[in-house]
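The numbering of the sequence shown is the numbering used here, which starts it at 147 and goes up by one.
No false leads were slipped in.
Lysine to any residue pairs mimicking SDA-like chemistry, simulated, CA-CA at most 20 Å apart:
no., residue 1, residue 2
1, K389, R338
2, K615, Q567
3, K617, D413
4, K265, E306
5, K434, H554
6, K506, V493
7, K522, R532
8, K536, F504
Restraint-style ranges between C-beta atoms, simulated for each label pair:
no., residue 1, residue 2, range
9, G357, C528, 49 to 59 Å
10, K615, Q173, 43 to 53 Å
11, M196, E315, 14 to 24 Å
Calculated from the structure, these hints are not laboratory results.
Cβ atoms here follow ideal geometry from the backbone N, Cα and C, with glycine treated the same way.
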Amino acid sequence: MAERLLQSMSRVAGRCNPDCVKANNEQEDYDASQSAALVAVNLISSARFMLKLDTEFTEYSAQFLMDNAGKEDNPGEMDQQRCQVTTENCLRYLAEHVWTKREDRQREMDQQRCELTVKDCLELAFKKGLPRREHWAHLGCTFKAPPFACQIPRIPVKGEVVEAKTFDEAVKLLVHQPVGAKLHLFSPQIDRVGEGIYNGPATGNETRYVGLRDVLIASVEEFEGDTVAIVKICYKKKLSFIKVSLTRMFLSAPHDGDESKFIGPTDESQNAALVAVNLISSARLVLKLDTEFTEYSAQFLIDNAGKEDEPGEMDQQRTQVTTENCLRYLAENVWTKKEEMVQKRCVLTVKDCLELAFKKGLPRREHWAHLGCTFKAPPFACQIPRVPVKGEVVEAKTFDEAFKLLVHQPIGAKLHLFSPQIDTVGEGIYDGPATAKNGTHYVGLRDVLIGSVEKFEGDTVAIVKISYKKKLSFVKVSLTRMFLAVPRNDSQGIGPTGLLVDFCVPRLSIN
Numbered sequence: 147m148a149e150r151l152l153q154s155m156s157r158v159a160g161r162c163n164p165d166c167v168k169a170n171n172e173q174e175d176y177d178a179s180q181s182a183a184l185v186a187v188n189l190i191s192s193a194r195f196m197l198k199l200d201t202e203f204t205e206y207s208a209q210f211l212m213d214n215a216g217k218e219d220n221p222g223e224m225d226q227q228r229c230q231v232t233t234e235n236c237l238r239y240l241a242e243h244v245w246t247k248r249e250d251r252q253r254e255m256d257q258q259r260c261e262l263t264v265k266d267c268l269e270l271a272f273k274k275g276l277p278r279r280e281h282w283a284h285l286g287c288t289f290k291a292p293p294f295a296c297q298i299p300r301i302p303v304k305g306e307v308v309e310a311k312t313f314d315e316a317v318k319l320l321v322h323q324p325v326g327a328k329l330h331l332f333s334p335q336i337d338r339v340g341e342g343i344y345n346g347p348a349t350g351n352e353t354r355y356v357g358l359r360d361v362l363i364a365s366v367e368e369f370e371g372d373t374v375a376i377v378k379i380c381y382k383k384k385l386s387f388i389k390v391s392l393t394r395m396f397l398s399a400p401h402d403g404d405e406s407k408f409i410g411p412t413d414e415s416q417n418a419a420l421v422a423v424n425l426i427s428s429a430r431l432v433l434k435l436d437t438e439f440t441e442y443s444a445q446f447l448i449d450n451a452g453k454e455d456e457p458g459e460m461d462q463q464r465t466q467v468t469t470e471n472c473l474r475y476l477a478e479n480v481w482t483k484k485e486e487m488v489q490k491r492c493v494l495t496v497k498d499c500l501e502l503a504f505k506k507g508l509p510r511r512e513h514w515a516h517l518g519c520t521f522k523a524p525p526f527a528c529q530i531p532r533v534p535v536k537g538e539v540v541e542a543k544t545f546d547e548a549f550k551l552l553v554h555q556p557i558g559a560k561l562h563l564f565s566p567q568i569d570t571v572g573e574g575i576y577d578g579p580a581t582a583k584n585g586t587h588y589v590g591l592r593d594v595l596i597g598s599v600e601k602f603e604g605d606t607v608a609i610v611k612i613s614y615k616k617k618l619s620f621v622k623v624s625l626t627r628m629f630l631a632v633p634r635n636d637s638q639g640i641g642p643t644g645l646l647v648d649f650c651v652p653r654l655s656i657n
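My request is simple: use the sequences and hints to build the entire structure.
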């Protein structure tokens, strides 16, 4: 009977119930587990052929891995009554799994299924072996495998999974056999690649991040002056070979920066305060509230974050400029150990600083301590005159929205910094990470001020004022370059981003 079962499976290989066909057609593409299983069996088929364990390239069942994930073989399972190929067992299977509502079958399968990786699938194959593709249901079959399917012969597969952290390590493995990997997919680039080179996101707003797909790397070649990987991919249920650029790089940078990789001296709050006062100075000049560009104190914002003005504070004895108060301040804050002067400060954003300025006003830069001063402001500093600043913070999610604000005044933003590119940009264009080289490091997000947008050497660039390594400079930042940004939590989307993000501007009130 088991032999007759095999013959039946071979005769109907690739065919299935119309309900199953309909369910598969409703899916645009295979899911992550199905793609992983497909890559795993391709890797095993290739390895077995190269090791001459098979005389020809033999296809094994990916669906077997799907059906058996998380299941243990029972000792003596093949001898149990329900696992025998009998008429009674066939009828029982039909009644329980075929003559039921399709929705009930699908619900049961969805509940039982866990998401698989290529590594999971390979380890499952090492443990259970693999049947040939024609001896098992097609990939994506919605019917549960019958208990007597354990009678179908499997090829024993023994080995281990070897993982590589870098492509250089993977190339060494590729000398012996194809290698599994994950490929970042962007649409419409992946849909249009054809015989050309797939090199990821292009400029423009139409690019959409599809996700990571399991692929098989067959070889590495030179093509049209570029180094490419010949990759076998299943996309929209079609198997094809594409050329993937190995020189194009878009780093997976955390959206909010990675403080563990900051390079050079930096303080987020100081940068934010510096951008905020520059925005206010620019806005006041544009609105003719100041007759010339006037610098206001960024350190004032640092010193006053989280502090409330007390009613009648300026009339209190301790806030008067007297010899006694000056001596008390010196004794408590200057003639003390440096360690005792360190204060706990909250991290400020540009928006925080602007709202603080709207609430408290701002003194001129020369009337307050320098930015980064470690001494606490004296109580009588409240007597220093401040310019009233009234308005609201306007935020823009996209650069197109920000550009409309830029027509009237400079705007604040955050810039993704990569080293050594930011260190060596000079008078050229800063366009983020270069081609795949080990020297590129993600520095983090920095607050900057965008002064204008121009054309330079055929590219559209933003003229950006930035404080980097304690030096203020103007940098030309590409507005067409995109790379991949990975958020800190799974609730946010993942996709291509520009180098400039998180735009804001103070809209000042003239009254």
